[in-house]
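Line by line, the protein sequences are chains X and G. Count the first sequence with the numbering used here and you get residues 5 to 495, in order. Count the second sequence with the numbering used here and you get residues 5 to 495, in order.
In short, the hints are calculated from the structure, not lab data. As the structure is a computational prediction, the values presented were derived from the model and not from experiment. A portion of the hints provided could be inaccurate.
It does not matter which identical chain is meant; a pair holds if it fits inside one copy or across any two.
Below, in silico cross-link-like pairs of lysine-lysine (DSSO-like), each with a Cα-Cα straight-line distance of 30 Å or less [said to hold, decoys possible]:
#1 K170 to K475
#2 K151 to K209
#3 K199 to K70
#4 K400 to K346
#5 K464 to K276
#6 K293 to K239
#7 K346 to K170
#8 K102 to K276
#9 K21 to K365
#10 K464 to K414
#11 K276 to K376
#12 K475 to K487
There are 2 protein chains.
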Amino acid sequence: MSIKENNLSVYNTLVGKKETFIPVVEDHVGMYVCGPTVYSNVHLGNARTFISFDMIYRYLQHLGYKVRYVRNITDAGHLEDDSDDGEDKISKKARLEKLEPMQIVQHYTVDFHNVLRLFNNLPPDIEPTATGHIVEQIKMARTILDKGLAYEVDGSIYFDVEKYNKDNNYGELSGRNIEELQSNTRTLDGQKDKKSPQDFALWKKASSSHLQHWESPWGEGFPGWHLECSVMSTKYLGEQFDIHGGGMDLKFPHHECEIAQNKAANGKDPVKYWLHTNMLTLNGKRMSKSTGNTLNPDELFSGDTPLLDKGFHPSAVRFFMMQAHYRSMLDFSNDALLASEKGYQRLMNGIALLSSLEAKKESTFDVDTWLKKCYTAMDDDFNTPILISHLFDAIKIANQISDNKASLTKQDLDLFVNSLNSFVFEILGLEDVIVDNNSDKLSGVVDMLIQMRKDARDNKNWALSDEIRDKLKEVGIQLKDGKEGTTFSVN
Amino acid sequence: MSIKENNLSVYNTLVGKKETFIPVVEDHVGMYVCGPTVYSNVHLGNARTFISFDMIYRYLQHLGYKVRYVRNITDAGHLEDDSDDGEDKISKKARLEKLEPMQIVQHYTVDFHNVLRLFNNLPPDIEPTATGHIVEQIKMARTILDKGLAYEVDGSIYFDVEKYNKDNNYGELSGRNIEELQSNTRTLDGQKDKKSPQDFALWKKASSSHLQHWESPWGEGFPGWHLECSVMSTKYLGEQFDIHGGGMDLKFPHHECEIAQNKAANGKDPVKYWLHTNMLTLNGKRMSKSTGNTLNPDELFSGDTPLLDKGFHPSAVRFFMMQAHYRSMLDFSNDALLASEKGYQRLMNGIALLSSLEAKKESTFDVDTWLKKCYTAMDDDFNTPILISHLFDAIKIANQISDNKASLTKQDLDLFVNSLNSFVFEILGLEDVIVDNNSDKLSGVVDMLIQMRKDARDNKNWALSDEIRDKLKEVGIQLKDGKEGTTFSVN
Chain X
5 MSIKENNLSV YNTLVGKKET FIPVVEDHVG MYVCGPTVYS NVHLGNARTF
55 ISFDMIYRYL QHLGYKVRYV RNITDAGHLE DDSDDGEDKI SKKARLEKLE
105 PMQIVQHYTV DFHNVLRLFN NLPPDIEPTA TGHIVEQIKM ARTILDKGLA
155 YEVDGSIYFD VEKYNKDNNY GELSGRNIEE LQSNTRTLDG QKDKKSPQDF
205 ALWKKASSSH LQHWESPWGE GFPGWHLECS VMSTKYLGEQ FDIHGGGMDL
255 KFPHHECEIA QNKAANGKDP VKYWLHTNML TLNGKRMSKS TGNTLNPDEL
305 FSGDTPLLDK GFHPSAVRFF MMQAHYRSML DFSNDALLAS EKGYQRLMNG
355 IALLSSLEAK KESTFDVDTW LKKCYTAMDD DFNTPILISH LFDAIKIANQ
405 ISDNKASLTK QDLDLFVNSL NSFVFEILGL EDVIVDNNSD KLSGVVDMLI
455 QMRKDARDNK NWALSDEIRD KLKEVGIQLK DGKEGTTFSV N
Chain G
5 MSIKENNLSV YNTLVGKKET FIPVVEDHVG MYVCGPTVYS NVHLGNARTF
55 ISFDMIYRYL QHLGYKVRYV RNITDAGHLE DDSDDGEDKI SKKARLEKLE
105 PMQIVQHYTV DFHNVLRLFN NLPPDIEPTA TGHIVEQIKM ARTILDKGLA
155 YEVDGSIYFD VEKYNKDNNY GELSGRNIEE LQSNTRTLDG QKDKKSPQDF
205 ALWKKASSSH LQHWESPWGE GFPGWHLECS VMSTKYLGEQ FDIHGGGMDL
255 KFPHHECEIA QNKAANGKDP VKYWLHTNML TLNGKRMSKS TGNTLNPDEL
305 FSGDTPLLDK GFHPSAVRFF MMQAHYRSML DFSNDALLAS EKGYQRLMNG
355 IALLSSLEAK KESTFDVDTW LKKCYTAMDD DFNTPILISH LFDAIKIANQ
405 ISDNKASLTK QDLDLFVNSL NSFVFEILGL EDVIVDNNSD KLSGVVDMLI
455 QMRKDARDNK NWALSDEIRD KLKEVGIQLK DGKEGTTFSV N
């Protein structure tokens, strides 16, 4: 399989269908994914988005592309309700907790990185921050202003959507049209500065209570939320790049505004393929803190929630996510997770079994055809559920070989083992871990020996009793007889 | 113990002696530590500095202070040889590896965080970056320029050391004096812009080949290395704060320049207590890549180096570091690490033993006095080696109690256990892990059962043989008899 074949097709939200993936620069891929606003713990829906793009990043690399993956951290300028007039999300949290905004940023950035590390995500190649690109954001706002597609009102700069729409199509990604937007937008008090309600801020004047603000040609202020992504994607991937990703809730207004800003500033369509991930539900319903129908990654791992019987290993959760296509809704539930965990364990056991099998003189199974099917699934817009069904077919074959009902030559067996490993570990990003909850096997085995020793003593078989104690001591396990029975310690 | 007692004294490099620690704002501590320049993997000497300040951060919090700990990431502007004319360290690496500078930054920031996480360091409260504070750095350069203590030459801004020194003492931290500096400084080609060789850059004009640059009132350029720390400490800790830390190699010129910048801009002494950590050696010699006398954290953990017999758990390495005072030289060697690892294991075993002991009616050991000694050690400029000697005294007592040669009442035992745990885990930041290399106890025990089963079969004791197999299966361990003997798999 070579990237030269160009078999990969991706669903491009911009055109509403699958397209053959042809990068801007041969053999190279530039990919930008909107990262989190770090004012609260990462939620499971966001985690799913980042895990999906991690799988995409891994597969593109597997195909041989040189990928530059940029995922930002929003640490300033994201207002409540994604509006131009709510309170800044990070400033609000800082005010409520009486902390400096950058303490909030640090706390939730650390949490975000920890959760993604547990899910075995690779770090992106560049992880830029909004506060790290103030100079560049001021510059792009000025450029758009100079081109006549933005206007200044009292220290704030707004993008002029109506003017932009004369020569461009505002709404090309989300399918919304400007007349509709104008009639549907509530006119809020704070928006009186704007010429038209659908205009959006490139730069906002900071009120005296706003905690994060910087000097600009228009006075003290802060960048609009949409601007950072336009600036950072252009800076690190160029004016035109291959893939822009994010959750589907970001399509409008965020991604629509990004396109408008980039076209206004650079005169070019910035993104070739827009990829959007779908949402999560929990027990068939939207997650919501107020109704208690909510689950965060920590609760999922620990099982410390009334919604789950037990905790799940992050890699088992990742497997569960991969069993759905990234563009499908995914419903979390205790039963679905338990079922998926069993499948995950079956997969891991099968891989272990496969690597212990012996080659024979003949192959009764066509590994090449199987492998082609796996690539066909992944090349079809990263269809991981179909891929996983082929992986389970492989496990069936492994069991047949083990039972002498099938066989593979050395060459086929090697290809089979290597391919399976690379799909499971390298591309899906799963880890080879034992996920059942009886993980404390050692206690189980030692308890069993303590019982055998007790039986031996009851039968006055002192030799066996002493042997068990002495041999355990040799491997570093000390038995201690007490009133309550025998306990052990590990030295 | 309460922070109100103000028993803590710290060695203040600025005055060259220990002083009672009295914070600027009661009950609060602002601490700034110079973080890494992220252009290579973190080296062990740097790791020691950050582990030392992690211990200090932990102890200050334990004492009840509300601590704001700021540690920066230098991701731009640090030139080779800490000079004003070498190539930028990150840009150079980016040029050599044909990467965007921020890819270098991301790669080594991830490595840095991973290594410190393995060492069980707490994240700082704020982790600001140089590129995240360009606007603020331009502002401070302009302030110093406006006050007449800097000058512009061809798009660069230099700090005027001689002029500053008229009303201030340049050299107050490092003990160097300006006449000496002037006569000792080589005049380099690139320094022809400067009035005097000891002047240093606040802002540098970017040459056409310089990869990281920003707009400024003086044209495209980048901030001087020293400036970021002055800007970020002021922004997050105020114009005067309590503790500034770093490796002793940063005393001059970096910290000296920071003081000069802060005083020039704000007219105040910025830092009350300057704390500096000492260097590492390896087998008695300076570490050096060219001679092969070098050890990085990965090699230390894995043992994958000719200099070590085996790898060491990060927590055992941390313990080893804590056995030296942060202001002492510390020599790494295979033998010293092995000896320290044994001590660490003895400590962990002692803690386990202590928590299993029973209280008696009388106390034969004065826990209060012991506890006072522990605090006295830590209050004496964080004297961890003395603290550790007291912790080993505690382990001796635990063994005596276990052997019925000493006793403690319930109240004393509780205090003893809680205090020991808090010094070991909370303050020294150690983890309760088994560090010997026979960690695979499970294999040992199961192999022992496999041997017992073989003996049983040899003796035609089929009942015992079956019992062992079946009971192992119950705890999830599957035996498999083959030509090569019996193996097992964990389900």
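Hints, verified against the model:
| no. | hint | verdict |
| --- | --- | --- |
| 1 | K170 to K475 | neither (85 Å within a copy, 78 Å between copies) |
| 2 | K151 to K209 | both (21 Å within a copy, 28 Å between copies) |
| 3 | K199 to K70 | neither (44 Å within a copy, 47 Å between copies) |
| 4 | K400 to K346 | within (15 Å within a copy, 49 Å between copies) |
| 5 | K464 to K276 | neither (80 Å within a copy, 74 Å between copies) |
| 6 | K293 to K239 | neither (37 Å within a copy, 35 Å between copies) |
| 7 | K346 to K170 | neither (57 Å within a copy, 76 Å between copies) |
| 8 | K102 to K276 | between (43 Å within a copy, 25 Å between copies) |
| 9 | K21 to K365 | neither (46 Å within a copy, 80 Å between copies) |
| 10 | K464 to K414 | neither (53 Å within a copy, 39 Å between copies) |
| 11 | K276 to K376 | within (27 Å within a copy, 68 Å between copies) |
| 12 | K475 to K487 | both (23 Å within a copy, 25 Å between copies) |
Violated hints for the displayed structure, listed by number in ascending order: 1, 3, 5, 6, 7, 9 and 10.
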